Amino acid sequence: MRAPLSWIKEYAALPEGVTGRDLAEKLIGIGLEVETVDEISISGPLLVGRVLEIEELTEFKKPIRYCQVDLGGTVNGIICGATNFVVGDLVPVALPGAVLPGGFEISARKTYGHISDGMICSGRELGINDEYDGILVLTEGEVGQDAGPVLGLDDAVLDIAVTPDRGYCLSIRGIAREAALAYDVAFTDPASLVPEMPSDGPVREVDLQYGADRFTTRVLTDVDPDAPSPAYMVRRLNQCGMRPVSLAVDITNYVMLELGQPLHAFDGTKLTGPIQVRRPRDGEELETLDHVDRVLDAADVVIADDSGAVALAGVMGGLTTEIDEASRSVVLEAAHFQPALVAATSRRHKLSSEASRRFERGIDSDVALAASNRAAQLFAALASATVGGLVDVDRREPIMSIEMAMDMPSRIVGVDIPEETVRAILANIGCSVEGETVTPPTWRPDLIAAIDLVEEVARVVGYEKIPSRGPAMGTGLGLSDSDRLRRQLRRRPAELGLIEVLSYPFVGEGELDQLGLPADDPRRVAVRLANPLSDEQPLMRTSLLPGLLAGARRNVGRGAESVHIYEYGQVFRDVETVDAPVAPAGSRPADDVLDEMLSGLPRQPEHLGFVLCGDWSQAGWWGVGRPVDWSDAVRLAALVARAAGVEVEVAQDAHSPWHPGRCARLSVAGQVIGHAGELHPDVVAAFGLPVRSCAGEMDLSILLDAASPVASAPRVSTFPVAKEDVALVVDEGLAADAVREALRSGGGSLLESVRLFDVYSGPQVPEGKKSLAFSLRMRADDRTLTDEDIAAVRESALAAAGELGATLRG
Amino acid sequence: MSAPNKNFDPVMPAALDPANLQANVDAALAAIAGAEDLATLKQVRLDHTSDRSPLALANREIGALPPSAKADAGKAVGAARGRVNQALKAREAELKEAERERILTAERVDVTMVNDREPVGARHPIHSISEHIADAFVSIGYGVVEGPELESEWFNFDALNINRDHPARTMQDTFFVGSADSGAVLRTHTSPLQIRTLLDQAPPVYVVCPGRVYRTDELDATHTPVFHQVEGLAVDKGLSMVDLKSTLDWFAATMFGEGIVTRLRPSYFPFTEPSAEVDLECFACRGESVGNPDRPCRTCSSEGWIEWGGCGMVNPRVLQSCGIDPDEYTGFAFGMGIERTLMFRHGITDMRDLVEGDVRFTTAFGMDS
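If you're matching them up, the sequences are chains V and S in order. Each residue of the first sequence is one higher than the one before, starting from 1 at the first, in my numbering. Each residue of the second sequence is one higher than the one before, starting from 811 at the first, in my numbering.
For reference, chain S alone in the conformation it holds in the complex (with noise of 0.2 Å):
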């Protein structure tokens, strides 16, 4: 450091020299574009911003100036220092975005590695298009109903009209528990629940009974002894066969797609009366594959039509059973098979599939169907 300078002979120091601080300031720019990464940058700042750098040493030199001469002095120096750490800015921030790329290339992965460390699951689909239907009719007003699988034999026959004598009632056709005369079977349809409704509640009743349903079949790739049902009731004031039809016709669209309509054929079940059975319009062909060889369709058997379920009036001898008056209410039933409905809509080809519990099977329709 030189002494003061104490005559105010304006006398420049040799650090404060113009030529000296370009000097300066060009050998710091060079340093700050030859440093090639942070670290070497952060060197760089010290060699040429810290305390002993020269241009910090030229900034002390200018307390030793005359007052006239300070001025142009500490802009000069200012001028030179702001340049310099202008130029590390930037170049830091350079080097930091270079770095940035150079991690982010280095992470790149290969995406279309399958993550499949957590198992997913996944609905059976009888019970997820048991849902689903029971949504539909959830939509138009009705409740949905269960009930248990062993049932007394006075639900699961005598209410419904069907009479000691009936062939249903026997060991070809119906499980029965205990001994034969135990009064209890497992029910073989869900209509006791039609039964278990009416006399729970007061008319109007809308309800729809989704549920498990046991016969004396052996299993094969057509028939199984334990399958589902879904069963549908109103009665009210006034319903006709008309209402039936209508509401059948809403249930098929419902499933099967917009105009999907179904077709009632007189039949005989003794809980209903007049009854039906339920065709529905094949969905897959519309019809189209009738007398048509050149387009025959899987789904109909080039028949235009599929047995869906069967239907009817509430016999009025059931209602009696109920302690409903048949001169004010009149109601309709219908009922369908689940795994029928199933493996139509989903071309399911052997019953076996859907009574194995095969996790392969059931993963196939995922959370819904």
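Same shape as in the complex, but just chain V (with noise of 0.2 Å):
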């Protein structure tokens, strides 16, 4: 809402010298959000001038005219390039010397052939309004007076971003209300200010059904067609940024403006019949003013006449209806539609109107008359309108009231204030107060619990009053073992050289195809938005793998050879088609209801995944790099495993989008956690990354489950050690890692170790097998490992391994 500040002052009785900007710290002090504070800043000389005579520079590719113009004491030669105003006119000229809004300055200059010795402005170069392919012509003021009083050059205008709890304020009504509150000075009701109007004569009969709680019709006859909307109302329409457009037009919008109800006028010679205010009819259509033909919703409220549906109640109007340049008649409508109704329509068509924002936030639901009498009176006395019959449906309730203890602000602000302040504050909002029962006004329809009088009583003391002390201490026990399990797999990667992305979770079908994924992966059931940002990527991610590819490309694009990066977050699956329940507000549902809310949901595991391209290790004076390979892969996996305490177990997979032969699966106690290894060459070249690249993803959820955050401590034997080396043959199929787990095993409690120190597999070894060589380490608690000990470990271990078909290489 734009208001100008001399709108405001005519009805609160500011301190002299208020600018717009002082006005705005205190509105804000006060909770309005005024976002911006026009002062239309022009310097220097801008006076009223007359056109005495016009030239026609008719050698120019566009018309030009050099014009007299009489500025009082001088006559000045004026180089123009609007024709919208002849000899005669009365027009704004900006002398050299002036600076106009942007810092435009204006000099004496020759042009076109002349000397233009200043400038004849349009509404633009003023700062005015955004007109600007015409000047702007004066209707009043004296030739050499300075125009800035005659434009509202010296006036300020405030924009007021209005929260949906203060319809109120989307009236100059409701700004000035709440600048004399700021200011504690008096403030004047511009409704009390309207005269009753005559009510007999003809009147348009009201058959109100549905939607509104108050309707009322106004018949206004011998409406002249041709007068102009006067010069002040132009102003401030154009102030508050609304176009001028007919009188009759202007003059609803100018209502509205002041006083916040809405209004509507029909041309009467176009309705037939008496007017209903009703549920459209089935498949009932109507074209609004904005040329849309409308299908109506059976919630939607119309206001029609014998004809049908003319007009979408509290949206906007009809063009069947339309006021012309020839209408002579009037049926004024100033009505109370229900908020949510009129909220519900404008979502559903997409249509939002100066009326159904303030219908939606709730108007004064006693200003319909008011309003219909000040439109009335601007008609008899604009336009030589005759005043005809009023209809006035009145089916309002009474405002409820509310009950309110007089310690309650002093209790939720934590400052005392006293009873007798509670008590004038909420009077000077409008409210009366008898003991402890509050009855708001009808202009605050936010009013309808005790807390929210608790905020008037607040915001009118002023939060600044409210001190600082020591924090509000909480009864927690510190991090949680999760919370710190949670961050250490968060930031493990990161410790080991891994560089940390955040990338959107929405992808496409697309992505998921060139990871390979095949049709019956359940990555591919995915979560889809009803209303992407992008039509490429509407479902939700089922793995972080997606982003983080695209993420490696994006950095491999922008020059980097080699890329280490990680993410982690939330994914979304198993579940395509979200159907939750929504419980009604106000109290605690049931514990059926709620599982009933939540088991709707996707689950939404936390998963962390990487991407590794190029070399791990780079080349430089040391010597050559070392490439990533899938055991990097595979290995930062379980090193992040290893700090939730965890051991993972590692299996040979097959598994998109990873090489079929160099994938690992993941498990954790018999269940699957991820994967890692080397990508699929498809995947690698489908996302334009260095060969070999690589890739992990696992589910931090799971593992957390599994996590041990308090070790127990191991017995440290200070006997010595005992070494053994053994190489074993064995088929070449057999996964290496359930030799070393045999040998383990087999060794028992005096084998500390096992270790795979090398792999061969060529012409020492037979066809189809190779040889994996081991180094065990023994040692026991209580003595030093005998000879005898040491070979009966030795003997049992390779005892388990050979039940693998493992044999001692020659």
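It should be emphasised that the hints constitute simulated quantities derived from the structure, not laboratory data. Remember, it's a predicted structure, so these values are computed and weren't measured experimentally. Careful, some of the hints might be misleading.
What the hints assert, rightly or not - Simulated crosslink set (EDC-like; lysine to aspartate or glutamate; CA at most 20 Å straight-line):
hint, chain 1, residue 1, chain 2, residue 2
1, V, 350, S, 975
2, V, 465, V, 407
3, V, 350, S, 1027
4, V, 9, V, 159
5, V, 26, V, 38
6, V, 110, V, 53
7, V, 465, S, 1089
8, V, 350, S, 983
9, S, 1047, V, 407
10, V, 769, V, 732
11, S, 1047, V, 416
12, V, 350, S, 991
13, V, 26, S, 1117
To be verified - These stretches of chain V come out as covered by chain S in the derived footprint (C-beta under 8 Å, 3 or more residues):
hint, region
14, 452-460
15, 492-498
16, 557-566
As the list claims (entries may be wrong) - Label pairs and their in silico Cβ distance ranges:
hint, chain 1, residue 1, chain 2, residue 2, range
17, V, 111, S, 1029, 41 to 47 Å
18, V, 203, S, 1029, 55 to 61 Å
19, V, 403, S, 1111, 41 to 47 Å
20, V, 718, S, 1094, 58 to 64 Å
21, V, 720, S, 880, 48 to 54 Å
22, V, 748, S, 895, 53 to 59 Å
The beta carbon of each residue, even a glycine, is placed where N, CA and C say it ideally should be.
Join these two chains into a complex; the hints should help.
Structure representation (structure tokens):
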């Protein structure tokens, strides 16, 4: 809502000299969001001039005029490119030395063959409005006088973002009320200044069925269709950002700005029969003023006559009954529609108007009559209309009163606010207070509970009165074990040399195809957004890899030779169609209702993924670099898991998007937590990454469940270690880790560790076999091992390996 | 070797002649001094101390001397051998020291050569600052709560007193999942975590909730459809706006320096009442740029305050929806944008840098921010 300071001052007795910025600061202090204050910044001479002569210069591509303009003491020759004025018109003239908005300096200069001694200004050049195809012809003013006051340039306009609870501030009346409250000065209600207008004469009957609790019609006849809008009205509409149209439309808009009541003017001759306020009929249609044919919904509210719907109530009028340049008869509607119905209609038809914005937020339920009278007064005065009959259907319920303990504001704000102050503030905002019963005014439908009244008291007292002491201390015990483990897991890849990135969780089927996922892969079961940002990516991610691979590609595209990135975050799994019931609010839903709401949501585990491209260690003065390989990916995954105290089990797998022979399945206690290894060459190519790029992805949620935050301490033996190396020949397909595990379990408690240190396949071993070399370390807790001990451990370890077909290499 | 002296005639063999001994010692010492490296010294040692060296041979002659002469002769030969051995030892030490010096000098490297062989990791600043904020609140007894990003509408809207007709519940602002009446949305704020916490824990509740949220904005320099907030919630007996203001001031000082305070401006949020916008005193100029054109401040555009977030007392209707009696308990809540906080804390001018995942951006923040 744009509000001129001069208009506000008409109703709020602000102190002398208050500027737009002063007022803005005060209004912010009591809770209005003043976004900007427009003070038109023109310096230097800007006078009212009268056009004495116009010489049309025709030798140029566009029309150019050389004008003689009387400025009181002098007559100046001025070049002008606009043609919307005639000899005798009053115009604003900026003289040399003037500086217009935007720092545009005016000087005398030669142009189009003449000296132009100043400039005749358009609304845009003066910063008044956006009109620039013609100059601003004045309707008032004396030749030679300062044009500033005539144009309202001494004024300031406050642009206020009105929050949904303050619908009444979508009017000068409401803002002036707040201004008076902020300065604690007298407020004159403009509605109280409106005279009672005649209400006899012809009427337009009303059949109110639905959607409003008040509906009035007023008949105006003998309207002079040629009467112009007065200058003050045009100026104010411009200041408020509304375009002046015609007197009838301007009057309805002006009264809406002044009092906050949207009005609609029908051409009375185009209406047939009484007005009905009702639900649309099946399939009923309406062409609204914006020339859109609309099929009406059963829940819309329409204004109708015998011909059918003529307006979408509270939102926009219809084309068939529009006021035109010949309209002499007007039926004026002032009503109070149900906010929720208007909001729903506006949303349904994607049509937001000045009227709907006001009705949605809730207007004063008691201002319809005053607004009707005010408009009638203006029609009579400005268009010499005859004011006819009034129909007023009033079915309003009384305003609900609120019980509030007078010490509640002190309790909630934490500052002692005396009871008299509380009562005075409530009275000032328009409430009537009797004992502890508070009845809000008709313009505050947002005040429905005691806490709403507390807020009113708090904002008028002023938030700056609230002191500060130490913070409110909680009762927690610090980060929980799972908090700390989660952080360890999230942080670990960075400690290991990876760079964390964040990507948007939106994916498209194309990316899932690029990963080579089979048709029945669970990662293809994705939630679809109703209104995605891009039709290419309508799905929520089921894996972190698409985002990471795109991130790797972007970094490679920006010149990175090697990329090691990781990301953690939620993925959205196992649900394609969400259907969650929505319980009523206001009390705690029953447990089964809560369960039902939550079980409709997809599973949202936290995943951690990474992509490695290029070299792991780079070449340099120390020698050659080392490319990343599948084992880096597996190791990274294992080290991350170890940060939660969990050892992952690694097994061979073939799983997209990995290389079918170089993919490790990672499990914990038999439960698969993810995969790591080298990416499939097709995937590497599809994402344009360096060959042999690697990746991993794991479910941190499972890891966290399996985590053991409190490790049990090992016994550290101080007895000497015995070392034995064994080389075993096994089938090529046998997993090295299975052999290691057999040795370890076969060796028993004296076998401290088993480590694979070499792998060989070639002419030295039979076809289809490979040789695995392990080093065994043996040690006892309580003695030095004897040769017999060592031989026994070795033999039992080898025996266990032997069961897998392993033989000692000759 | 001479024959045994059977007649006990004190004949001094030539090898034990003092002048001869001296000559042998002098020769040995000269050879030792002349040895320029350990290999030469080793040969000198062989020549002058081995079994066939003149001094060793002299020593053997002692056995043939009459008992009266043995002592003197033994002393003389022992002294001579001692001088030679000592000189050998000293020279060896000298040469070893010189050798070590030579090796160390030869091994000198240029330590300004950079070893960037292994990759160096970094945390994304969005996450490290979220942990930083959480840590601050944990230090005053708050818990940390996270929750799902795809949220039931009841948690995201209804329970927060955002009714069906609220403009926020349109596709202009909110990502809907499936169809517009599926009952689920991508959460538009971290406030549903208030509801989840209050349904889950009985008061007193003190939690801080960092998380990712969604609005249907196109990405540009100052907007992103996917961003992060941190929510604070306290519900206890007797909490007032003084507690809210005090906690926010403490939070501001924790993040931006001692003495930095907040300012509350009345505002409207459906889930808090009274509600306020939170402004942060400009930590860069501390208000000194206001009305002072000579000292403009880029951080606050010379306004002295920076818009930081929203806050208020938990609306009793919200408490009721969670089964908490608003006559017994009151609470406060606040929410700040993490991106915004990072942008003005670290002078980030383009939101896109935060979301594009360029490793050069993240690397600049190291492991913490």
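Now for the hints, and whether the structure bears them out:
Annotation: proposed proximity of residue 350 of chain V to residue 975 of chain S holds, straight-line Cα distance about 14 Å (limit 20 Å). Between residue 465 of chain V and residue 407 of chain V, the direct Cα distance comes to roughly 17 Å. Compliance with the 20 Å bound is thereby established for this hinted pair. The suggested pairing of residue 350 of chain V with residue 1027 of chain S holds, with an alpha-carbon distance near 18 Å, which does not exceed 20 Å. Between the alpha carbons of residue 9 of chain V and residue 159 of chain V the distance comes to roughly 16 Å, so the proposed pair stays at or under 20 Å and holds.
Of the pairs offered as hints, the one joining residue 26 of chain V and residue 38 of chain V holds, with about 16 Å between alpha carbons and a cut-off of 20 Å not exceeded. Distance check on the hinted pair: residue 110 of chain V and residue 53 of chain V sit about 19 Å apart at the alpha-carbon level, within 20 Å; holds. Distance restraint check for residue 465 of chain V and residue 1089 of chain S: the Cα-Cα separation of roughly 15 Å lies within the 20 Å cut-off, and the hinted pair is therefore satisfied. For a cut-off of 20 Å, the pair hint linking residue 350 of chain V to residue 983 of chain S stands: about 14 Å separates their Cα positions.
At most 20 Å may separate the alpha-carbon atoms for a hinted pair to count; residue 1047 of chain S and residue 407 of chain V meet this at roughly 16 Å. Only pairs whose Cα atoms come within 20 Å are accepted, and residue 769 of chain V paired with residue 732 of chain V is accepted, the gap being roughly 5 Å. A hinted pair counts as satisfied when its Cα atoms are at most 20 Å apart, and residue 1047 of chain S with residue 416 of chain V qualifies at roughly 18 Å. Taken as a hint, the residue 350 of chain V and residue 991 of chain S pair is honoured in the structure, with Cα atoms around 17 Å apart against an allowance of 20 Å.
The straight-line distance between the Cα atoms of residue 26 of chain V and residue 1117 of chain S is roughly 18 Å, inside the 20 Å bound, and the hint therefore holds. Figure legend: the region 452-460 of chain V, annotated as covered by chain S; annotation consistent (5 residues with Cβ-Cβ distances under 8 Å, at least 3 required). Counting residues of the region 492-498 of chain V whose CB falls under 8 Å from any CB of chain S gives 6; the rule of at least 3 is met. Given a C-beta distance limit of less than 8 Å, the hint that chain S covers the region 557-566 of chain V holds, as 6 residues qualify and 3 suffice.
Checked against the given bound of 41 to 47 Å, the beta carbons of residue 111 of chain V and residue 1029 of chain S, roughly 45 Å apart, stay inside it. In this structure the supplied range 55 to 61 Å holds for residue 203 of chain V paired with residue 1029 of chain S, their Cβ-Cβ distance being about 57 Å. Taken as a hint, the range 41 to 47 Å holds for the pair residue 403 of chain V and residue 1111 of chain S, whose Cβ atoms sit roughly 46 Å apart. The hinted range of 58 to 64 Å is satisfied by residue 718 of chain V and residue 1094 of chain S, whose Cβ atoms lie roughly 59 Å apart.
At roughly 53 Å, the beta-carbon separation of residue 720 of chain V and residue 880 of chain S lies within the given 48 to 54 Å, and the hint holds. Separated by about 58 Å at the C-beta atoms, residue 748 of chain V and residue 895 of chain S satisfy the suggested range of 53 to 59 Å.
Every hint from the earlier list agrees with this structure, and none is contradicted.
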